[in-house]
Structures are given as structure tokens and as C-alpha cells.
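J.: Sequence:
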Amino acid sequence: MTLLDSSPAMLDKARRRLALLPADITRRVSLVEGDGTDAARAMNGRRFDAVLCHGVLGYLDDPEPMVDELCRLLAPAGILSIMTGNAATMAVRPALEQRWSDALASFDADTEIGVLGVPSRADTVESLSGLLRARGVEPVDWYGVWLFADWLEFGGAHVDTSDRERLAAMVDVEFEAARRDPYRQLSRVFHLVGRTAV
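Under the numbering used here, think of the first position of the sequence shown as 1, with each following residue one higher.
No lab work stands behind these hints: they were computed from the structure. Hints should not be assumed to be uniformly reliable.
Here are the simulated distance ranges between beta carbons [to be verified]:
1. 54 x 111: 16 to 22 Å
2. 114 x 185: 32 to 38 Å
3. 159 x 134: 37 to 43 Å
4. 47 x 155: 42 to 48 Å
5. 161 x 136: 40 to 46 Å
6. 114 x 6: 15 to 21 Å
7. 133 x 155: 34 to 40 Å
Virtual Cβ for every residue (Gly too), placed ideally from N, Cα, C.
All chains, full assembly: derive it from the sequences and hints.
T.: Set out below in C-alpha cells:
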């Protein structure tokens with residue numbers, strides 16, 4: 001596994017966490033400092049069977065340069081996994097927080113101040129799928145992420161993660177919602193999976 005990050009602080013955090021794992025795991029992990037929009041060069045032409053980009057695109061003004069690089073990193077029959085904010089549901093969080101004017105303004109928005117308190121941008125499954133197809137990566141499927149759990153939290157409910165039985169039941173419901181319409185369409189985040197040709 002190779003982890004590419006432009007932040008030395010994040011890479012240091014990864015090193016500290018890796019140090020807690022057994023040696024047979026740590027020796028299979030490489031950490032590389034570099035910008036994702038220049039990933040192919042940072043990887044010296046290496047290609048990968050699987051490329052993951054989770055929670056990154058939303059912090060970029062334009063997803064295309066990053067998507068270009070992600071697709072360049074894929075080996076034949078390689079899998080690309082992207083998780084990003086769902087622009088189709090931008091009004092839900094402010095509505096659940098009873099910020100009605102923000103919710104009304106969010107129906108046609110693709111940006112917001114995200115849960116981390118910084119500006120973020122969202123995509124649609126259709127637009128991101130189009131970017132992949134234009135680069136020779138065929139979208140295979142997509143899933144909703146964090147539907148009920150997120151909406152409960154934003155609505156003010158507390159999820160007790162120490163109740164393992166109840167948590168397992170919630171996970172089962174989230175899994176079903178993640179792959180079924182119309183539920184997956186309502187998720188705050190979506191997970192898009194694509195594959196290159198053999």
C-alpha cells in the first residue's frame with residue numbers, strides 16, 4: 001500500500017499509527033509526500049490495481065485535475081474508489097439544524113461550510129461518472145454513505161456507539177440504504193467505484 005499526502009503533518013500521524021502495527025504490515029506500507037494533482041509523477045509512473053480517494057475532492061475548487069491523476073495511476077482492470085460529498089442533498093443538513101434560510105439557499109448549491117468548519121464543495125454521481133468515462137474508467141456502481149447515522153446526529157439525536165447490538169443493527173440498515181434507491185440518493189456522501197479496461 002502506498003499513501004500519498006501533501007501534508008507532512010498527516011504523514012507524521014500515519015507514521016505514528018503505523019509504528020503501533022506489526023512489522024509484517026508496516027513493511028508493506030509506503031508513505032509519499034506529494035500533491036494528489038501531481039500523483040502520477042510522485043509515483044514515478046507506478047500504476048496500481050486499486051486507487052482510493054476518499055474525502056478529498058470536496059476540498060478542491062475543481063475536481064478534474066485530481067480525477068485526471070487518479071485515472072493515470074490505474075493499472076489495466078484497476079479499480080478506482082472515490083468518496084465525496086453529494087451535491088443533491090446540500091439542503092438536508094441545514095434543514096435538520098433548523099437553519100431554514102441556509103437550507104433554502106442550498107437547494108441549488110454545491111458548496112457549503114462543511115462539518116469541519118471549512119468551505120467544501122460537493123459533486124453529483126452523474127458529473128463525476130462523466131469525468132471518469134472521459135478518462136477511460138467505466139463507473140461500475142455507486143453507494144450512499146452515512147444516511148441515517150448522519151441525519152440522526154444533525155437532527156440532534158445521540159448514537160450510543162457503546163451499545164454493540166444496537167450499533168450492529170444500525171450498520172445493517174445503513175448497508176441496505178447504501179445500495180437501494182431512493183435511499184442512497186439521500187446520503188450526504190456517495191461512494192463511486194469505477195474500473196479500467198483489461
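J.: All hints, please: hold or fail.
T.: Outcome of the hint check:
A beta carbon spacing of about 19 Å between residue 54 and residue 111 agrees with the range 16 to 22 Å that was offered as a hint. Against the hinted window of 32 to 38 Å, the Cβ-Cβ separation of residue 114 and residue 185 comes to about 20 Å, which falls outside the hint. The beta-carbon spacing between residue 159 and residue 134, approximately 39 Å, falls within the hinted interval of 37 to 43 Å. The hinted range of 42 to 48 Å is satisfied by residue 47 and residue 155, whose Cβ atoms lie roughly 44 Å apart.
Checking the proposed 40 to 46 Å range against residue 161 and residue 136 shows it holds: the Cβ atoms sit about 41 Å from each other. Range check, residue 114 to residue 6: about 19 Å between beta-carbon atoms, so the 15 to 21 Å window is met. A hinted range of 34 to 40 Å for the beta carbons of residue 133 and residue 155 is consistent with their spacing of about 36 Å.
Hint check: a violation occurs at hint 2 only; the rest are consistent with the structure.
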